[in-house]
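**Q** Protein chains in written order, with the working numbering: chain A, 1 to 319; chain B, 1 to 634.
Calculated from the structure, these hints are not laboratory results.
Just so you know, these numbers come straight off a predicted model, no measurement behind them.
In this text, a Cβ means the ideal position worked out from N, Cα and C, and glycines have one as well.
Among the clues, some could well be false.
[As the list claims (entries may be wrong)] Examples of chain A residues toward chain B, derived with CB under 10 Å:
no., residue
1, M79
2, S102
3, G135
4, K140
5, F152
6, N214
7, D262
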Amino acid sequence: MKKVFTLIILSFTAYCGMSQLADFEDFGLATGTFDNDSSPEAWFETEDLRFPNDYNSEFDFWTGWAISTDTDTQTPGFMNQYSSISGAGGAGSDTYAVSFVSGKSFILFPENSTIRVNSLQINNATYPYLSMRDGDSFAKKFGGETGDDPDFFLLTIKGYEGGALVDSVLFYLADYRFEDNSQDYIVDEWTTVDLPVGFGAQDSLVFSLSSSDNGMFGMNTPAYFCADNLQISNTVSTIDNTLSGISLVNTLVDEVLIIDSDLEGVSEYEIFNVHGQQVWSGRLGFGEEQVHLGFLPGGQYWMNIRKGSLQWTGSFLRR
Amino acid sequence: MNWTASLRGWWLLLLFLSMGGLCISAQTQDTLALQEVIVVEKAGFSGEYSDVVDQEVKDQQASAHLGDLLIGTTGVFVKSYGSGSSATTSIRGGSAEHTRVLWNDLPLENPMLGQLDFSLLPSLFVDEAEVHYGSNTAAWGNGAIGGTIELNTTTDWDKRNWQAQYTATAGAFGLQQQGVQLGYTHKKFQIINRSFYRKADNNFSYLIRPDLPYRQQTNSKTKQWGSLQEFHYRINNRHQINAYFWYQNNDRQLPPNATQTRSVAYQLDDTKRLTAAYQYTGNQFLLKAQLAGYDENMQYVDSLIGYDDGSRFRTLIGQVKGIKSIGKYHRWTMGLQQIHYQANTDLYEEAAQQHRFAIWSGWQTTMEKFQFDLSVRQEWQDGDRLPLVPSAGTVYRPLSWWSVRGRVSRNYRSPNLNALYYHPTGNPDLLPESGWSAEAGMGFDLIKKTNWQAHFEGTVFRRNIKNWIRWILPSAGFFYTPMNIAEVETKGIEQRLKIARQTDRSVISLEMGYDYWKAIHKKSIATPRINAGSQLVYTPKHQFFSILKMRYKKAIFLYQHRLTGSVTTLNNTTLPRYHLGNFSLGYTINTGQWNHQINLRIPNFWNTQYRILDRQGMPGRHWEIQVRSILKNK
């Protein structure tokens, strides 16, 4: 009984911790502005969470995340990329994050992180909202010509740990699949999305968008959504099987990933993509090692290094 | 390329040739007329088939644009966004950029897009329109892969003194059009002006579903006006100078599509074209030198999304063509062409220029039962040599009523300026699309009597184009960029049947055509998603058209019917096939010096609800009344 009670206490302790809120207010943006360039860093960082951003100054083009206080809820089209349809952040705050999802968007956790996101607030951006409501030159008005088309705009959130998919959550940013058209909706206010306990201690969250309006060129609905007020807590694992003495020298990879290892002898590594698929493997020795990864498509990857029963996991972004 | 130097060079050449003509004229005025072999400049190319736009159909649609005329009378598939909206062409499964468009032998395509919007070509400015099906870059020029549409504004020296023609059209959806053609011929001079003004609300209604109310088109007004000024000077029977100035202004609102709540977008087009030509017709020789300059502006505005973009392109063309008859059966053609394009737009990082120079030559032998021609073209673009393209064709008539023809050619199309220079993802390393084409056909005079004719033509063809340019999303990229990535194979069958019966007071004719085009991708592409073996989007496999014409004394009845097969779209949907019928009734009244033709036309007579493009409604049955008054020319 005492052992069981201890185990329960330890387990409870494992999943309790100080709660934090990532609300982006610490970026200090003036109202009606945005920041779509995180350089020289590869991400915007707040409350230990990293929101990758890739900005190309030559083309004035960005993907991933931007931080915004934009308030335009009226102007349609791609010239109004940074506004939430509420014209403000969650809970009436000023600042929020906007994601342009090119394939997938990520929220990264630091190496050996013990924090997890319990919930976050999600909303539509003005651009896709008005596109779904009114239609435009590229995307259809949801419901179609008759109003009966079973359209939808879906946000899928997946949690990964050690390169493996833990769980996923589906959130409809718009849903026109009801028999009764009066029930059709497009999300126009900040909505809290709880992430299941099963997500555990994540090392990344992966966001993807899908729509019923697709053509030869992929999804016609503009691929944007907004996030705010991420509720974060710390987790403590009762089992420590982590290798130490390993670090990634560069987490933004063009051609070569550099690993610095203090481990004597040979350790083995595997590299996983966002689908949990192993895409490469090999061996590492002592000191600074290079792994050539120019053949990999751009995106988020995890490296899992094992030596005996111990392992270490880190993530990197292939540009 | 020094634009001014090039312009000066061609003007000097033109002036030299003209002055030379005047000198020769002075020397030969009193020379006895020689018996001469008539050099026919416009002989067709062996082995190819063509459709001519029916003149009476054209006369009854004076307010129409060329796109509308092509729909009803030829096998050209015209992609139209609806009444008053843009219209582009597809011939034998090619894209709009694979249609070569020539006006009086001069190319008209927009170099930025590589295609032409036929809704901007008024039928009033064109006297003859002929569609040449099939590939023949060697003869017709860069981009003649699907086919060539030859437009001509002709000179009629048989007319004397004043010529006048007035057309007024009123119709449904606020259509109002007026056109005037006024000319004067005096001995060696002929001066003609053609002007028109056209406006329409285009606020037609279309059906979404039988149980739902009709939806009315909004933001769809159009306003066009233009003037074509011609000047012709016939120095003598051998020397002639022609000049044209074409000005046109188009103001077009862009309506929302069927899944859009509203649109406030509009487009403005401003076009100026100035051409001059010198022609010498000798005993067995013809020389034609032409110079042309185009200045075209386009503005696209959508205040709803805060978008306002303009572009301007200028084209300078100089070309010389000579045709020499050799003996009784042979003809040799040679030509030089220089084209300079300049385009300014916010879509490019800086102004784009392109220079093309081409030289071509052809040989044609024509005998009683046999005709053969061979052409070859070599073109340079910005100093780079493009593929050398040959073309060979033949026609054989084993019997007077039976002909067999064939043609094989190598063809290419240069990338347009947008593909090369669009910022940030234009690809200046693009290669021309190129490939081979072959066709064979037979023609039969089924009936050939004075008052009864029936003729059948059948053609089979095959074409393969590699390095077809597609805008794709690279696997690790964020931007669509044009690449030579696709390969398209097109096979098809075309059939034409023409029957005509004529009496003293009546003519009945029936023309029917059926086209089968199988145009498929040979390779799969990830984005855009294209599966190998799939038919090109907006390319129908089946098309049928017919024109029934009955003329009795001063009355004329015309019925056109068209069946267009189903097509797949960019949105992964399929548009069903549809039938379209156009009815027209006309009557001519003679009053003194004038002939007045009154026509009632009912397009979409069967009130078909159809779509040419996805999410674009089309008008149902509607009406047009046209009055055309022509001064009798004595």
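**Q** Measuring from the C-beta of A/S102 to each C-beta in chain B, is the shortest one below 10 Å?
**A** Nearest chain B Cβ about 6 Å off; hint holds.
**Q** Verify the interface restraint on A/K140: the C-beta must sit less than 10 Å from at least one C-beta of chain B.
**A** 4 Å, holds
**Q** Report holds or violated for the interface hint on A/D262, using the least CB-CB distance to chain B and a cut-off of 10 Å.
**A** 33 Å, violated
**Q** Identify whether the interface hint at A/M79 stands, where standing means a beta carbon of chain B within less than 10 Å of its own.
**A** A/M79 check passes; min Cβ-Cβ to chain B is 5 Å, inside 10 Å.
**Q** Under the criterion of a CB-CB separation shorter than 10 Å, is A/G135 in contact with chain B as hinted?
**A** Hint on A/G135: holds, closest Cβ of chain B at ~4 Å, below 10 Å.
**Q** Once the shortest beta carbon distance from A/N214 to chain B is found, is it less than 10 Å?
**A** Because about 6 Å separates A/N214 from the closest Cβ in chain B, which is inside the 10 Å limit, the hint holds.
**Q** Using 10 Å as the Cβ threshold, decide whether A/F152 counts as touching chain B.
**A** Result: violated, 15 Å to nearest chain B Cβ.
The structure does not agree with the numbered hints 5, 7 stated previously, though it agrees with the rest.
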